[in-house]
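Start from chain D and add chain X according to the hints.
Okay, here's what each chain looks like letter by letter:
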Amino acid sequence: MRLLVTIVLGVLGVLPGAGGAPTQSSVRFAVIGDSGTGDRVQYEVARQMVAARTRMPFELVIMLGDNIYGHQGPDDFVQKFERPYKPLLDAGVRFYAALGNHDNEHNRFYGPFNMGGERYYTYTVKNVRFFVLDSDYLDPKQRTWIENALRNAGDDWKICYFHHPLYSDGGRHGSQVDLRVVLEPMFVKYDVNVVFSGHDHIYERLKPQNGVHYFVAGAAGQLRKGDVRPSEMTAAAFAQDQSFVLVDITGDDMTFEAISRAGQIVDSGVIHREARP
Amino acid sequence: MTRAFRFAIDHYLFLPVGAAVALSWANNWPASYFTFAHRVSFMVNDVGMALFFALMTREVVEAAAPDGALHTWRRLMLAVAAASGGCLGAVLVYLGYLQMGDESSVLAPGWPIVCATDVAFTYFVASNICSQRVIPFLVLTAIVSNAIGLVVLELRYPIGEIHAGAGIALSMVAITAAVVMRRCDVRSFWPYVLVSGAISWFGLFLTGLHPALALVPIVPFLPRTSRTRRFMVDAPLGARDALSRFHRTWKYPGHLVLFMFGLTNAGVVLRGVGTGTWAIAIAALAGKPAGTLLALAFAVAAGLRLPRHVTWRDMIVVALVSSTGFTFALFFATVAFPVGPVLNEAKLGALLTIGVSVLATAVAKLLRAGRFAERAVRRRASAPEYVGV
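Residue numbers (the numbering used here), protein chains in the order written: chain D, 2 to 278; chain X, 35 to 423.
Take the hints with a grain of salt, since some may be wrong.
Claimed, not checked - Which chain X residues face chain D? A few, computed with CB under 7 Å, are given here: (1) Pro64; (2) Ala65; (3) Ser66; (4) Thr69; (5) Val140; (6) Pro372; (7) Val373; (8) Gly374; (9) Val376.
Stated by the list, open to error - Pairwise CB distance ranges (calculated): (10) X:Val214 to D:His72: 54 to 64 Å; (11) D:Glu106 to X:Ala200: 54 to 64 Å; (12) D:Gly227 to X:Gln166: 52 to 62 Å; (13) D:Asp156 to X:Asn62: 34 to 44 Å; (14) D:Phe110 to X:Arg402: 52 to 62 Å; (15) X:Met111 to D:Glu106: 34 to 44 Å.
Stated by the list, open to error - Footprint (simulated), chain X over chain D, 3 or more residues, beta carbon under 8 Å: (16) 65-77; (17) 98-108; (18) 133-140; (19) 161-175; (20) 180-193.
Quick caveat, the hints were computed from the structure, so don't treat them as lab data.
Here a beta-carbon is modelled for each residue, glycine too, at the ideal position from N, C-alpha and C.
This is chain X alone, in the form it adopts within the complex:
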């Protein structure tokens, strides 16, 4: 039991399990499922997800630090180019697909959904099929894509009544409090979360921005100890800094939140498939990889370089893997569309983007890229040599 739990944690399986339960529940007992989802959606999406975004921010802070896996501006520039191209390609294909029918008016506002990339899911897919050298680039591309999508969503779809003045003032108070705590060498993460985090939550809520992002501007102020580390690994057991303690304390509740997010948001009625479903799926399958590769080609032509020992075959696989929207696409969909059939269509499309990862695995095998290239080399090395007679 403990091993199964550990395996589920290590492979980020709580979200897919929650999604699978939700799908089964929604399609067999829709009335009870949607009543449940309606009741808990605020607590999960607006409160609980703040923890998930805080943990993701912690990953970014660790990785972007001078000793982190994603450091250096060259990596950043290439990732920004790839992410921008990917988003642009996906959005163009999404809107283009809608133009072929007559539902554009209803579905077009959902275009930021196709910018989403599931950071954790793509990381674990990439870990199994891509070369380790390409993973920091992939993760950075995913983060930038989501940042683009989130900024657009937050600007286009304010939530509830907007009291911008009070909201911005509260957000400034929250960040100032975090800065002061950092200056005063407050080493526990609790005051950062409970004081700055709570104020930030109300600040974003009043501003009309999604309060689930409340801890994103706070986490970078948590004291951390400099160390060399890889992406998305646990903080060392002996680490006593606030950021590491925050991660150790909230890692398991974070997975529970992901399970609840999958359970609350992934329950879609399968026969609710519609134009929006296909528009999102095709944008992820074709638009985003094509846009990513084109942008990379332009960036390289402009003087940027691919990561060392990374080939274009690797990049084709990366472009496909980074088109998996899943969690983030579900989240973006709930921001872009209110409850109803259009949201159902969009969520189905978000779930279908998981298929792009399957395609990426097949393409990697076909092209002998990443791990498949390494396996081929190992097989060649271990094969007996035939000597002609």
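The shape of chain D in the complex, shown without the other chains:
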């Protein structure tokens, strides 16, 4: 019932916490995946992000990989990143990128991606800690790193993001079960709240799996139209147009909206963080 009310309010654009000035403790960010095509639709999605920011002034954008497609020279960074997101960059919005299979690993040195030259890294914004993984190359060293980082994190919210989805009903790729077997036990053990991934060029929100909320948001540039095969684990899905996600974390609640290229809210809701002993 609560979810239904939330969705209705979200569609009406009157969701509490989704607009207005940020409170002292709120963390607001946008989520884009598989964005770097450099074509018209990427720019249109970027314009919707700018429009959404007037309503919900987010301070950072997390990028789920495949940030730059095709050739990856200096001009490409301009055409596929700097130009479409220029209003956001000019407003001081910071981007934090994860690497996808179409990204050159040297892109981690590109300043505006804020990766600090690392394939995997962590950072904190207020009471939210983000863990960024390189799912292309989840070697033992990275596995040890993420386990230690999660164990040592005492933040209220733990959010992981990386390119390949552990759960997905996307028709082209679907769930990466081999990665899930390795990562999910850590996510459950160390109380990760939310996981964002891309790779499948759709939007999907999954029902909580072992207490963890999963999103697929790989349609901020690319789109595989209609490529969703809803299953019993699907909570909501949208694959008719490009999309991105807006998130507001205030206290124990994470409010989210998935917004299409046309500016329509296609999914929304609130995730309540259970207090853990």
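Showing chain X alone in chain D's frame:
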């Protein structure tokens, strides 16, 4: 049942059966399959495969001995040339294919995978389609290709924390112990395996090299009796030397290891096919045969000779057969890439290289090379002669 088991052993079918079970399991019940594979992969890939590589080393030791099937430096030189050319051709095609897309950064580190040749699989394919005269050359080429790939992999992808000093010291102790045992005429293979082998395993592990190769430097020290033999046949029942006893004792467990290797590593999600899959398959299909044949042409032009009674048509078939990576390509892939979608792509490519053997059979038939030439001769000999009226 016993006959079926015997047939499976004789035709190295345990690995393909394990691979087939894994494919079905991974695509129907992926969660349980990958949980299983994750749990057993260390025991199978790092411990069990030591036995497989030991048995392969035993084949090489027997065959490279003065009375063995692969002896003489001329054979070796030609095989080295063919293998080097094959690896180079495959790697160039692999990297070239990747350059056409934008996933080179992620997939390029997998280039040693395309050097792999499945020794046992190609041997059995070649036994059925090639002339017997060409088989020692084929096997030697396969061994050299794998040696090239393994050396590159071991140098490029050290495993775990590296303690090179301690690791090298332990490896030296292991080899020295084997030498001493050989000098002291220790005739049982057990001390070689349990003492030298175990120390060697830890030595390689600490050095960052793959511990599955632990018995490779130890097996050559096992005492053997001189005899004339063919490649990849059982040790004679009466043979009492350590190498033969080692083979008799571990042959069946070796097949179990191969089954488990197929079961643990060949389970790939079929819709995980990607650029890496095609890059490996095309490198095996085009790059490796082309590189092998070009290198052979250069070697012959430089003065080396093809094996006696072997034609270029035979060599075309050999070049194709030796491009089947299968087991070794799967193994190389697990070393080059960690668990995840990239490894899945690479493994699919490794499995697709089996198709090159099918192509080789078709080409052999088309060219009437190897066994097909012999059959054609037999048919001509048995055909009734027509006398014009």
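Next on the checklist: Does the beta carbon distance between Phe110 of chain D and Arg402 of chain X stay inside 52 to 62 Å, or does it fall outside?
Outcome noted: With a Cβ separation near 58 Å, Phe110 of chain D and Arg402 of chain X satisfy 52 to 62 Å, so the hint holds.
Item to check | Supplied contact hint for Pro372 of chain X, tested at 7 Å Cβ to chain D | outcome: Cβ of Pro372 of chain X sits 4 Å from chain D, so the hint holds.
Checklist entry - Can we keep the Val376 of chain X interface hint, with Cβ of chain D closer than 7 Å? => result Since the shortest Cβ distance to chain D is 6 Å, the answer is holds.
Next on the checklist: Does the closest beta carbon of chain D sit nearer than 7 Å to the beta carbon of Ala65 of chain X?
Outcome noted: For Ala65 of chain X, the interface hint holds, since the closest Cβ of chain D sits about 6 Å away, which is under 7 Å.
Checklist entry - the stretch 161-175 of chain D covered by chain X? Criterion: 3 or more residues, Cβ-Cβ distance below 8 Å. => result holds (count 4)
Next on the checklist: Between the stretch 65-77 of chain D and chain X, are there enough contacts, at least three residues with CB-CB distance under 8 Å, for the coverage claim to hold?
Outcome noted: holds (count 4)
Item to check | Stated coverage of the stretch 98-108 of chain D by chain X [criterion: 3+ residues, CB within 8 Å] | outcome: holds (count 6)
Checklist entry - Minimum Cβ distance from Ser66 of chain X to chain D below 7 Å? => result Constraint on Ser66 of chain X not satisfied, violated at 10 Å.
Checklist entry - Per the hint of 54 to 64 Å, is the separation of the Cβ atoms of Glu106 of chain D and Ala200 of chain X within bounds? => result violated, 31 Å
Checklist entry - Can Gly374 of chain X be said to touch chain D, with a Cβ gap under 7 Å? => result holds, 5 Å
Checklist entry - Are there at least three residues in the stretch 180-193 of chain D whose beta carbon sits under 8 Å from a beta carbon of chain X? => result holds (count 4)
Checklist entry - Does the interface hint hold: is Pro64 of chain X within less than 7 Å of chain D, judged Cβ to Cβ? => result holds, 4 Å
Checked against the numbered hints listed earlier, the structure breaks hints 3 and 11; every other hint is satisfied.
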